[in-house]
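Student: With chain A's structure known, arrange chain B on it following the hints.
Residue numbers (this note's numbering), protein chains in the order written: chain A, 48 to 304; chain B, 3 to 315.
Everything labelled a hint here was simulated from the structure, so no lab data went into it. Please read all numbers here as calculations on a predicted model, not as lab measurements. Do not take every clue at face value.
Among chain A residues calculated to face chain B with C-beta under 7 Å, some are [as the list claims (entries may be wrong)]:
#1 Glu-61
#2 Met-137
#3 Ser-138
We treat Cβ as the ideally placed atom computed from N, Cα and C, and that holds for glycine.
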Amino acid sequence: MGQIVATWKKTIKEFLRQKTVLFWTIGWPIIWVLIGSFSFTGDAPADIVAYTRGAISISMMVFGLMTAGMANIPGNIAQDRERGLLTKVMSMPVSPWRDYAGRILALLAFSVFSAMLVIAVGFVCGAKFFFTWTDFAASLVFILLIFVASAGIGMLIGTFVKHVHGAIMSGVGLTVVSAALSGVMTPYAYLPSVLQDFARIYPISSANSAITFLMVGEEYAGYNPLTLSQIFFTAFLALLLFVIGLIAYSRFCWKKD
Amino acid sequence: MDAIQGFAVLTYNVTKEYGKQQVLKKINLKIRRGEFYALMGPNGSGKTTLASILASVKSASSGRIEIFGKKPEDAKKVTGYVPQENFSSPLLTGKENLMYFAGLLGYSKTKANDIVEGLLKKVELWKDADKRVSNYSGGMRKRLEVATILFPGLKLLILDEPTTGLDPSARRKFLGLIQELRNEDTAILLITHIGADADLASRVGLIDKGVIIAEDEPEQLKGNSGLQNVVNIETSIKSDKVATLLSKFSEKMKVMETEMGYRVFTEDVEKATPKIVRALDEIGCKATRIETERPSLEDVFFKLTDRPVSEVD
Numbered sequence: 048m049g050q051i052v053a054t055w056k057k058t059i060k061e062f063l064r065q066k067t068v069l070f071w072t073i074g075w076p077i078i079w080v081l082i083g084s085f086s087f088t089g090d091a092p093a094d095i096v097a098y099t100r101g102a103i104s105i106s107m108m109v110f111g112l113m114t115a116g117m118a119n120i121p122g123n124i125a126q127d128r129e130r131g132l133l134t135k136v137m138s139m140p141v142s143p144w145r146d147y148a149g150r151i152l153a154l155l156a157f158s159v160f161s162a163m164l165v166i167a168v169g170f171v172c173g174a175k176f177f178f179t180w181t182d183f184a185a186s187l188v189f190i191l192l193i194f195v196a197s198a199g200i201g202m203l204i205g206t207f208v209k210h211v212h213g214a215i216m217s218g219v220g221l222t223v224v225s226a227a228l229s230g231v232m233t234p235y236a237y238l239p240s241v242l243q244d245f246a247r248i249y250p251i252s253s254a255n256s257a258i259t260f261l262m263v264g265e266e267y268a269g270y271n272p273l274t275l276s277q278i279f280f281t282a283f284l285a286l287l288l289f290v291i292g293l294i295a296y297s298r299f300c301w302k303k304d
Numbered sequence: 003m004d005a006i007q008g009f010a011v012l013t014y015n016v017t018k019e020y021g022k023q024q025v026l027k028k029i030n031l032k033i034r035r036g037e038f039y040a041l042m043g044p045n046g047s048g049k050t051t052l053a054s055i056l057a058s059v060k061s062a063s064s065g066r067i068e069i070f071g072k073k074p075e076d077a078k079k080v081t082g083y084v085p086q087e088n089f090s091s092p093l094l095t096g097k098e099n100l101m102y103f104a105g106l107l108g109y110s111k112t113k114a115n116d117i118v119e120g121l122l123k124k125v126e127l128w129k130d131a132d133k134r135v136s137n138y139s140g141g142m143r144k145r146l147e148v149a150t151i152l153f154p155g156l157k158l159l160i161l162d163e164p165t166t167g168l169d170p171s172a173r174r175k176f177l178g179l180i181q182e183l184r185n186e187d188t189a190i191l192l193i194t195h196i197g198a199d200a201d202l203a204s205r206v207g208l209i210d211k212g213v214i215i216a217e218d219e220p221e222q223l224k225g226n227s228g229l230q231n232v233v234n235i236e237t238s239i240k241s242d243k244v245a246t247l248l249s250k251f252s253e254k255m256k257v258m259e260t261e262m263g264y265r266v267f268t269e270d271v272e273k274a275t276p277k278i279v280r281a282l283d284e285i286g287c288k289a290t291r292i293e294t295e296r297p298s299l300e301d302v303f304f305k306l307t308d309r310p311v312s313e314v315d
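Bound conformation, chain A alone (with noise of 0.2 Å):
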C-alpha cells in the first residue's frame, strides 16, 4: 500500500501544482459553461434556459474528465521518463502495478475534483437537472466509466508518444477532436448520421449522453442511450481501453532494454 500512496500523492501534488493541467482540466471547462450559459441560450422560456445549462455543463464535466485521462496522465508518465524518473524508479523494488495504481487513483481523485468545480461553475450560473437518486446513482456509475476510458486513453499514449510536449499535445488533440466530433461538445441531434453512430459507439459520447439523458431528459440528450445493448458496449469498450492501457503501460514503459 505504501508504494500506491507515494505515487498517488506525488501524482496528485504534481496535478495540482501545474498551471496548465488546472488551466485545461478545470479552467477551460468551466469558461465554456459559463459561454455555454450567458450566450446560446437566447430567449428561450427560463425551464429550458436552466435544463440548457445543466446539459452544458454535464458535456463540459466530461470534457474535463477527457482532458485529464487523456492529456495529464500521459504528460505526467513522459514528464517521469523524460526526467529520468521512470529510470529510478525502475531500478528500486517497485512494482509497475502499484505505480499505475498510485497513478491511476490520483487521477480519479483530481478527476472528481475537477468535475464537482465544473459543475458547481454550472449550479451558480443557474443550471438545473431532473433526476431521482436512482438516476444520480446511475449518472455516478457512467462517470466512472468516462473516467476508467479516458484513463485507458491516456495511458496508451503516455506508453508510446515519448516526449513529454507530444503526448501532451497528442492528449489534447484527441480529447477536442473526439469530443467535437461524438457529440461531447456539440448537440447529438446537429451530427450527421455517420458520426451519430460514432457517438454511440464511443464509450464516453456515450456514457455522456447517457448521463445528459438521466440528469436533463432525452431531447436534450438527443436518444435514449439506455438500450441494454449499449449500455453492455459502453461498459465492455471502457474497461477494454483501460486494460489495454494497463497492460502497455506495465509492458512497454517497465520494459528493460
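Tutor: Here is chain B on its own, set in the frame of chain A:
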C-alpha cells in the same frame, strides 16, 4: 566462496548489443565491498549502459552479473542508483521528493519523516527542505538526488555522471559528500568522464568502445603510463599549425588539444617551456598561460586511445 562474498559486483563476460552494434564487449568487473570504484570513459563508451545493467534498468545481452551474489533484479533492495538526468520532481519540495522515495521503499510515515530529516541534514538541504525543487540550484538538486540512495540498507551506490553541469564550487561540495559516503560496507560505483572526479576513487577502470582497457589505483595508472610531466598551455589561437609546432616538443606522445589550448607531454619541462614560448611567438601565437602539471587520468586515457576523454569543440 569467501572471495565471492567479499565482492559487491561481479560481472562475467557481460555484453550488450543494440542490433548489430555492440556497446559492451565481454566486461569482467569486480568491485569489492567498501570499495570506491570509478569507471571513466568518453561519451558512447558504454559506461552508462553498464551502470544501467547493474541497476537492473537494462538487461545484458549475454554474460552473468552478481550484485552481492544475486542477480541485479533480485538485488534492488540493496542497490541505489542515481541516473544522469535530474529526476527529482521540480513541482515538489525537497522533502516531498524524499518522502516519495521513502514511500516507495515501504517506510511508514513516522519512520520516513525521521529518515528524511536525517538525509536532508546530511546533504545540507534541511534549511531548504520546504522549497520547491524548481528553486534549487543544480548542485542542490544533485545533492537531493544523491540523498535518494542514502536510505538505510543500500550497499551498492551507483552514481552516473553526478557532477556534469555543476559549477566548480558545487562540484567540490558534491565530491566532498561522495567521499563521506565511503564506509566499509558500502561499495560506490562512480561513472564519469572527469579525471579529477575519478581520482577520488580507490580504483579506476578506463572504458573505451565497450572494453575496459585499463584498471588500477589512480596513481598506479598514471605511474604505469610512463608519463611524467605535462605542460598545459593556453594559447591565443588554436590551429593545425600551432598543434604541429607543439608536437615537436611532445616526446612522449602526441599533443592533446584542450578547450583553451594544448597539453604537451615532455620530460624536461624546465628546458622545454621557454623554447615552446619562443616557438609560439615566432608564428604569432601568444601563450597566455603555461602550467606544469602531473599527468591526469585524462592524459592516461589519451595515451592509451589516442583520443581525448572529453570532446573539444
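Student: Each of the hints needs a verdict: does it hold here or not?
Tutor: Checked hints:
Taken as an interface hint, Glu-61/A checks out: its beta carbon lies about 5 Å from the nearest beta carbon of chain B, inside 7 Å. The criterion of a C-beta within 7 Å of any C-beta in chain B is met by Met-137/A, whose closest approach is roughly 5 Å, and the hint holds. Annotation: Ser-138/A was flagged as interfacial toward chain B, and the flag holds, the nearest CB pair being 4 Å apart, inside 7 Å.
Of the hints listed earlier, there is not a single one the structure fails to meet.
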